[in-house]
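So the protein lines, in turn, are chains C and B.
The working numbering puts the first residue of the first sequence at 1, with every later residue one more than the last.
The working numbering puts the first residue of the second sequence at 1, with every later residue one more than the last.
Source of the hints: derived by calculation from the structure; they are not laboratory data.
Any given hint could turn out to be false.
Claimed, not checked - Below, in silico cross-link-like pairs of lysine to any residue (SDA-like), each with a Cα-Cα straight-line distance of 25 Å or less:
id: 1; chain 1: B; residue 1: Lys9; chain 2: C; residue 2: Ala121
id: 2; chain 1: B; residue 1: Lys9; chain 2: C; residue 2: Asp119
id: 3; chain 1: C; residue 1: Lys190; chain 2: C; residue 2: Glu3
id: 4; chain 1: C; residue 1: Lys7; chain 2: C; residue 2: Asn44
id: 5; chain 1: B; residue 1: Lys9; chain 2: C; residue 2: Leu101
id: 6; chain 1: C; residue 1: Lys18; chain 2: B; residue 2: Gly163
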Amino acid sequence: MSESVLKVENVQRLHKTKQGEQVGVHDVSFAINAGDWVTLLGPNGSGKSTLLRLISSADWARQGEITIVGIRVHPGWTTRERHTVRAALGVVFQSPSLDPLLTIEENLRTAAALLGTSDAAGRVDELMDRFAIADRAGDRVGTLSGGLKRRADLARAMLGSPRLLILDEPTTGLDPEARLSLLDTLNGFKSLDPAPAILHSTHLTEEAERSDRVLFMDRGRLAADATPAELRAGLGDRTLKIEGPEARAWIEAHDLRASFTESGHALLSLTEPELERVMPELGRSGLSFSVGPPSLADAYASIVGRELNGSSGGGA
Amino acid sequence: MNAFLMLLKREIVRMIRRPSQLVSTLAMPVMIWVFIGAGFGGTMGEGSFAAHLAPGMAILVVMLSTIMVGMSLIEDRHMGFLQGVLVSPAPRWAVAGSKLAAAGLLGALQGVPLLLITPLLGSGGSFVGVVLAAVVLLLTAIAIGGFGLTLAWWIDSSRGYHGMMMVLIMPLWLLSGSIFTPETAARWLVVVSKVNPVEWCRLSADAAMDGTLASSPLALGGCVLFAVAGTLAAIRTLGATPRTSTG
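Based on the sequences and whatever the hints tell you, model everything.
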């Protein structure tokens, strides 16, 4: 059985927005083993970034415990504990942690010095080769495309051969090709020895589909923790989505069971025979609807009760 | 130590790759010096007013250049570089220390040319005097840079920080004896200047240039204390306090 690289137990961290609203994370618990790729899936403002900041020790939890490689993350930790935990982490934030005035190589050498990497020059060269950025080593980061910057930032995060790789919406601003390439790279990390545990946040379901486990985040709380297949399994063969405020009345009139999102859409998980039975009448009702295989976006809407903003998965 | 040196190297490389910043911090004090020196040239009985202004102007160059230290911290935060450094195993003192060392070196280097011109204006001065005065400028840069970093840690906007620093720096400088002479100034101004740490540093720079630094232990001690206080403030602030998320 794999050891837990990360344990999060009943963690809470709240802060007030300028509008006076309390946001953050409430009572979140989960664990990740070595080699696992786990995705935090939720809309903007669901607490993903706050949680990742706590795990990466950029901020401290006010309640609960975070343990990384067996060491508790807290403000009173010793220098040795701090060094051990942070050396075990590779963190990729939403905006690359690179200096645009420095070249790729200069950035990586600076990062290697911060990590205290032995044979920094060799390690930097090795990672520039692995991430296919060696031919641009002398280019200033400010002149690179978003995809190249992200590859360089990922190389920076991998300098110390981290046990836990944390990625906060790493595909933000990337074109589809660069996004797929980044996800393939993450998938390739599974073959490393030792393979890092990956904790990755996104609001895109197609990214979450690639991971081993998905954690649904909603308003700072953990709403589900399961594999993509398990999350979809409760949704039947097909997902029927009926839009508009009249959906509820139609469903009640036909004695069907559905979950409703905050925007009033109805989601029905149906077997094929059930679908064949309702389709003719639904077609005559004039309601707007779509049918598709169950997706993580459907599972999110069904479990959380509201749709995943910005998700490209729609199930239709 | 390696982290400190690499971060210091980065600060210096960044400065070199943005020469406009170096030029702009030098230009204003030089203009003030030339214009005020020429305008009030006849007001001193003996000696050149421009020569009297020189140490104070060098101090102003240092103060203005060290504003950039805090700006660079805010910039590092906005560009995302700082978050990577803060979650790395490198100690926080290395972050604060590298910025202060860069501020000290660059501030002193920018101030020294002004000191070198002073002997040409008929005032005394020697090579040793210039070297000692450069050390005083370095201490001044570390002091102002330290308090600047402390302030920048809590301010998100570079404009807001710059405005705040100007509000703090210009009165400190004007209330030192950089422009006025104790013989001609109002008494209250002379009293205020005596408790102004910038005046301690200016007096030290002046004494270094005159070769009388050994006879100004109070001023020099005050300037050293000012630098130590700035350094401790910066290291303590950057070391102990997590910055709340903005996202």
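Comparing the hints with the structure gives:
Between Lys9 of chain B and Ala121 of chain C the alpha-carbon distance is near 16 Å, which keeps this suggested pair within the 25 Å criterion. The hinted pair formed by Lys9 of chain B and Asp119 of chain C meets the criterion: a straight-line CA distance of about 19 Å does not exceed 25 Å. Straight-line distance between C-alpha atoms of Lys190 of chain C and Glu3 of chain C comes to about 16 Å, which keeps the hinted pair within the 25 Å bound. With a CA separation close to 24 Å, the supplied pair Lys7 of chain C and Asn44 of chain C stays within the 25 Å bound.
A threshold of 25 Å between alpha carbons decides the hint, and for Lys9 of chain B with Leu101 of chain C the separation of about 13 Å falls inside it, so the pair holds. Taking the CA atoms of Lys18 of chain C and Gly163 of chain B, the gap is about 23 Å. The hint holds against a cut of 25 Å.
Hint compliance for this structure: no hint is broken.
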